[in-house]
Structures are given as structure tokens and as C-alpha cells.
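Q: Each chain, letter by letter, is given below.
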Amino acid sequence: GAVVSQHPSRVICKSGTSVKIECRSLDFQATTMFWYRQFPKQSLMLMATSNEGSKATYEQGVEKDKFLINHASLTLSTLTVTSAHPEDSSFYICSASALRGAPGDEQFFGPGTRLTVL
Amino acid sequence: AQTVTQSQPEMSVQEAETVTLSCTYDTSESDYYLFWYKQPPSRQMILVIRQEAYKQQNATENRFSVNFQKAAKSFSLKISDSQLGDAAMYFCAYRSAWDWGGSEKLVFGKGTKLTVNP
Chain A
1 GAVVSQHPSR VICKSGTSVK IECRSLDFQA TTMFWYRQFP KQSLMLMATS NEGSKATYEQ
61 GVEKDKFLIN HASLTLSTLT VTSAHPEDSS FYICSASALR GAPGDEQFFG PGTRLTVL
Chain B
1001 AQTVTQSQPE MSVQEAETVT LSCTYDTSES DYYLFWYKQP PSRQMILVIR QEAYKQQNAT
1061 ENRFSVNFQK AAKSFSLKIS DSQLGDAAMY FCAYRSAWDW GGSEKLVFGK GTKLTVNP
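Sequence order for the protein chains is A and B. Just so you know, the first sequence maps onto residues 1 to 118 in the working numbering. Just so you know, the second sequence maps onto residues 1001 to 1118 in the working numbering.
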């Protein structure tokens, strides 16, 4: 099946620094990538939807200037958490939909990135 | 907006027994897709089964089957011959069929934690 990777898998940073998380589709081209946040024992919360070559669409309540998303190619999307604070500590998951995919097609999920802000 | 409700935060089953996880959803759309995802302790999201709303036949994947009741907006997952490896969080998800190209987002329920007892 299709593979989505995320890097890094874990990151610890100091408060006030910025952290970049990469999401790559390894064996397929992804028109759209989704970024989720998951708190312990909770469901996935969609943060934003990114389409290659265009601005990301953010969900209500998600700060665009804090969570910068770039989808520069059909295989790579990045999420940058700017000026991270302890409350940004969470598990971040990306998923990808294949180019010219249908709504019923599977979204492929990355393994997630655990961010800890000290 | 569509919503997905999983009313069972936790469920348990004996190994080799059968368990059913409940999911209801709310939508005004007539065409959509429903999914069950599994998230084991590794946190990797895995697609278990999908159902197309316009298909009356319930989807089946080996030991996993669904009971799709469109009029009742119910989509339960039945796991037969439960195995220890089935222990995980299970998320029910909805996706509209209106937008092709893969950009339509998944709407997740809050999840059900399944424990399998040996």
C-alpha cells in the first residue's frame, strides 16, 4: 500500500523556538495533505488542509500564523509550529490523498510526530 | 456540518469472541463514505473497512464487517473471532462524496478503546 512518512518522529524543543515537521508521500503523488492534532486519549482534530501549490485551508480556531503549512510539491508538505509554547505539545499526524483520487479512496496516514515543548 | 458520534468510550471482549462497536452520524447529504480506522498503541492509523452510502450491501473485510443502516444513520463495526492484535482505538469517520480530487476531509468520532482479554 501507499506509504506516508513523517519526520521527525519525536522532537523536544524549548519554548519560543520554531519546529518544522515534514510529511512525505513516498510512492504516490498527493494532491491534498491533511494535518491533524491528537491529544492523549482523544480523537484526531483536523487543523488544516493543504493543496499543492496553493494556500492551506485552516479549520476554525486554528491560528494560521502559528501553524504555517507549506505544500510545495506533490510529495511534500511541511507544518511549522512557530514560537512554540508548552500548550503546543501534542501528537501531530498528517495524511495524504492521491492525485486524482476519489472521495471514497483511502487517505494514507503518516506515523505521527510527538512534539514536546519545554 | 456533519457529525460522528461513538457512544462507547471503551469496550472489552474475550479472545475469539465477537464484539460490535457503535457509530452514528448526522448529515443532510445523500452520497458519502463511511470508514472505520484502527489506531493501535503505535499510533499509526490503519484503515479497517469502508462503506459507500449508495451501496446497500454491507462491507466485509475478513473478520471485520459493518452493519450500515442509512435511514437510521448508523454504521456499526463487528469484529468476529477477536484477536489480541485487535486491541486498539477504533475511530468511525465520515467523508462527503461531493468533492473529487481527494480534498474532502474526514470527520472523526471520538473513538472507542477496545481491549481484548486472553
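Please keep in mind that the hints were generated in silico from the structure rather than gathered at the bench. Positions of the beta carbon are idealized from the N, C-alpha and C atoms, including for glycine. Errors might be hidden in some of the hints.
[Claimed, not checked] Sample of chain B residues facing chain A (criterion: CB under 10 angstroms; computed from the structure): (1) Met1011; (2) Val1013; (3) Ser1042; (4) Ile1046; (5) Leu1047; (6) Phe1091; (7) Glu1104; (8) Gly1109.
[What the hints assert, rightly or not] Heads up, simulated DSBU-like pairs for lysine-lysine below, C-alpha to C-alpha not over 30 angstroms straight-line: (9) A:Lys64 - B:Lys1078; (10) B:Lys1078 - A:Lys20; (11) B:Lys1078 - A:Lys55; (12) B:Lys1113 - A:Lys55; (13) A:Lys41 - A:Lys14; (14) A:Lys41 - B:Lys1078.
Q: Broken hints, numbered, in rising order?
A: The structure breaks hints 1, 2, 9, 10, 11 and 12; every other hint is satisfied.
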